[in-house]
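Colleague: Go ahead and model the full structure; you've got the sequences and the hints to work with.
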Amino acid sequence: MENSALRHVIEAQQFDLDFMERMFEEADKLRRQVESRNCSDILNTSRELQGKGMFALFYEPSTRTRFSFVDAAQRLGMRVCWTENAKEFSSAIKGETLEDTIRVLCEYFPDVIVMRHHETGAAERAAKVSSVPIINAGDGKGQHPTQALLDIYTIKQCLGRVDDITVMMVGDLANGRTVRSLAYLLAKYKNVRIIFSSPEELAMKDDILQYLERKNVVVEVVNYFWPNYEDIDVIYETRIQKERGSTISEEEAKRFSLTPEKVKGLKPSTIIMHPLPRNDEVPTEIDSNPQAKYFRQAGNGMFIRMALLKWVLHSL
Amino acid sequence: MENSALRHVIEAQQFDLDFMERMFEEADKLRRQVESRNCSDILNTSRELQGKGMFALFYEPSTRTRFSFVDAAQRLGMRVCWTENAKEFSSAIKGETLEDTIRVLCEYFPDVIVMRHHETGAAERAAKVSSVPIINAGDGKGQHPTQALLDIYTIKQCLGRVDDITVMMVGDLANGRTVRSLAYLLAKYKNVRIIFSSPEELAMKDDILQYLERKNVVVEVVNYFWPNYEDIDVIYETRIQKERGSTISEEEAKRFSLTPEKVKGLKPSTIIMHPLPRNDEVPTEIDSNPQAKYFRQAGNGMFIRMALLKWVLHSL
Amino acid sequence: MENSALRHVIEAQQFDLDFMERMFEEADKLRRQVESRNCSDILNTSRELQGKGMFALFYEPSTRTRFSFVDAAQRLGMRVCWTENAKEFSSAIKGETLEDTIRVLCEYFPDVIVMRHHETGAAERAAKVSSVPIINAGDGKGQHPTQALLDIYTIKQCLGRVDDITVMMVGDLANGRTVRSLAYLLAKYKNVRIIFSSPEELAMKDDILQYLERKNVVVEVVNYFWPNYEDIDVIYETRIQKERGSTISEEEAKRFSLTPEKVKGLKPSTIIMHPLPRNDEVPTEIDSNPQAKYFRQAGNGMFIRMALLKWVLHSL
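Those protein sequences? They're chains A, B and C, same order as listed. Counting the first sequence from 1 gives a position; our numbering is that position plus 328. Counting the second sequence from 1 gives a position; our numbering is that position plus 328. Counting the third sequence from 1 gives a position; our numbering is that position plus 328.
Don't take each hint at face value.
Just so you know, same-sequence chains aren't split out, so a pair can sit in one copy or run between any two.
[To be verified] With a Cα cut of at most 25 Å, we get these calculated DSS-like pairs of lysine-lysine:
1) Lys469 / Lys415
2) Lys422 / Lys533
3) Lys357 / Lys380
4) Lys422 / Lys582
5) Lys422 / Lys570
6) Lys456 / Lys380
7) Lys570 / Lys592
8) Lys570 / Lys415
9) Lys516 / Lys484
10) Lys484 / Lys595
Just so you know, these hints were derived from the structure itself, not from any lab.
Modeller: What follows is the structure in structure tokens.
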């Protein structure tokens, strides 16, 4: 079995600029079809996918990501079977290894396996033994490459470019896999400047900082959020992930939250992103501000995942 | 976005007699098609629904209600994605608000969202931020409007009318959302008499009693179940909901249970209903009695939900 | 309602040799179609099943078995609705009996109900009240007849015959429903010899031993695994099921494990089977050995279940 020929989606690093451009174009097209409620057009342009099957293996619950993958596949005419919480529900509780689970599922001849797992590196381990493409839908503190792709797509959609921008990532940069994957992708663009703003104990890890240095990305690491960032194009807020062990005080967390006042200080073209779910770091008062793009960003997930499924299944 | 134009299903009060009549006629038609295993007829009369998508967001588990909604949608040719227990499994555990969850799901362009939630008023909150129709599949101690609709449908089906009847609701009237929603709907019919029979601490709440008074429904509130109810047309038994905090003793609960002896005292045309699941308040010896309609009643749920989906999606 | 006319799948005993031969032939055909990714051929030969509906009611989680049933049904063009863990999630927690649950689900007019339950005899109880076919996907320590069928199918596939073979079942024979069901089926073939190898407290139960005696199967019961089994055709390893109460020591368990050394002692035609999931009783070093058939065996599950669905629904 020639695994290397399979189109896995494991980590953000694997995407190059050409690839991303293709995905974004396809996502644009799919969004137009979906927005115009044009089901038959979608099915007509994805004939090869009809009757193919997707297994969605979620070891960690994630309604948002699962729904967007499942709906993406169903819209393309695919069969889908999923588990919501395999960590508790599957043979994992009987001591089965991830490798065995993947090997067994492959014997059912699915066409693609989407997986979310609580351990870093799980997707890569799965890809090593899988006879079908693996799509990483998040692995522990590791990566969440489809999220990174939809983040870049959102920037492109809203700003018209990804080159020549300043992105400030704010909040929990130590535990957030989305900011890690996003940093990898931003490094592929020209003249990108990244400001990492977080409490010291939640700072971006050195491996990413060193990677960005090698890629000549201008990086700034600060332990405050405000003031004086009028030249920022993208604010990427993140949630303090208490479930991954953050023990930051309420007060400290608040320093890295957005407020309507802070938003007023932004230039009008700055966009506000967030991978969601959010707590208080982005108050709901900001939602109606046209600079707030986080719901649009979440919605882009489905279109990017549809495009990725088409690519993975050689229909793009 | 003009939310008011959306056809939400939030509470029983919103249904008027004409609307209910249309739903019942459609449910009759759908039942005939399903009973004759005539799939293609159903699909032919619901062409507009094919390729549309339903998200079923169950924060509280409910196999019965979820299966009937999912199957209803699938029979109509719709795509369906669901969560079994979002309270434990979704971003809710990361502190995401219901409003955010609904906003994100709407960005995936579903055509309808069905939700079951543990908090009263949740469906209304969801409808306020949703860009697609919300169907309330039960919200805490609040309402369960599709259950109320299928209850009325069952009465109509079995008795041939809803006007001029006496309904006795028995058991846990304080915590049961089904009896609340049903009372609202019964009040729309002519010459309906309702007897609320429960332990005092589980009595029907004042808001409903006052509503019924305003609607000129003849109401009787009693704290015993038997004897002497030969003039009753419908006995609507309910389960003591221990999971919602009832602390009634076994002995006290038994006073409000049906027995084969009590059933013998009913006139032959009286029907016995129950929203299910049941415990001992309706012993299984009664199941084979033709007056027992609770399984039929449960089954009516799927047909009513099919009819509602068609209405919500402007196909009826 | 004439239940006796329904084609239930409750226990391995119900299958006779002719029936098994038909299932194996159909499974062979389906595998060829699936392996060649020929969806339309499958749908063309299962026209009667399209639009039919399956409810998969899993009271115990089992990703493997559920995925294979769900995918089997979907490949045949059926609608599917499932629950992953009904024991925790369904009305069962509100005290509903299995019988009531089945009765209600039948009112939704599914065409077949597949169920996995934690109590022995649950499938038979369900079949007694069901108006549609029940397929037992495992009931407690009871039976798992589709597993037994796929086990025999795997032996047939790999050895070319089931008559005239020696099968050694190893490990937890007291708690494993797969070995029980398999023993029943093996007894139907000619000149089969079975060696039961387990720690004494996990020995095969007397009811099976007596059944095999009545069927004139040559049986040997031993409390060691090795050495000297060069005449064995099938080694059927099983996992010590700690979740069902086994309290065997690590050291004792190890005596019944396979090792690469032990495998070297086998004749080249001996095949190694395991119902999976496995722990250490079959080390991964053995996986690449062509005699290891457990992944193939697991995959056979989907094809056998497709064939069974076709039979149950009178399409075979």
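Colleague: Can you name, in rising order, the numbers of the hints this structure does not satisfy?
Modeller: Of the numbered hints given earlier, the structure breaks just one, which is hint 7.
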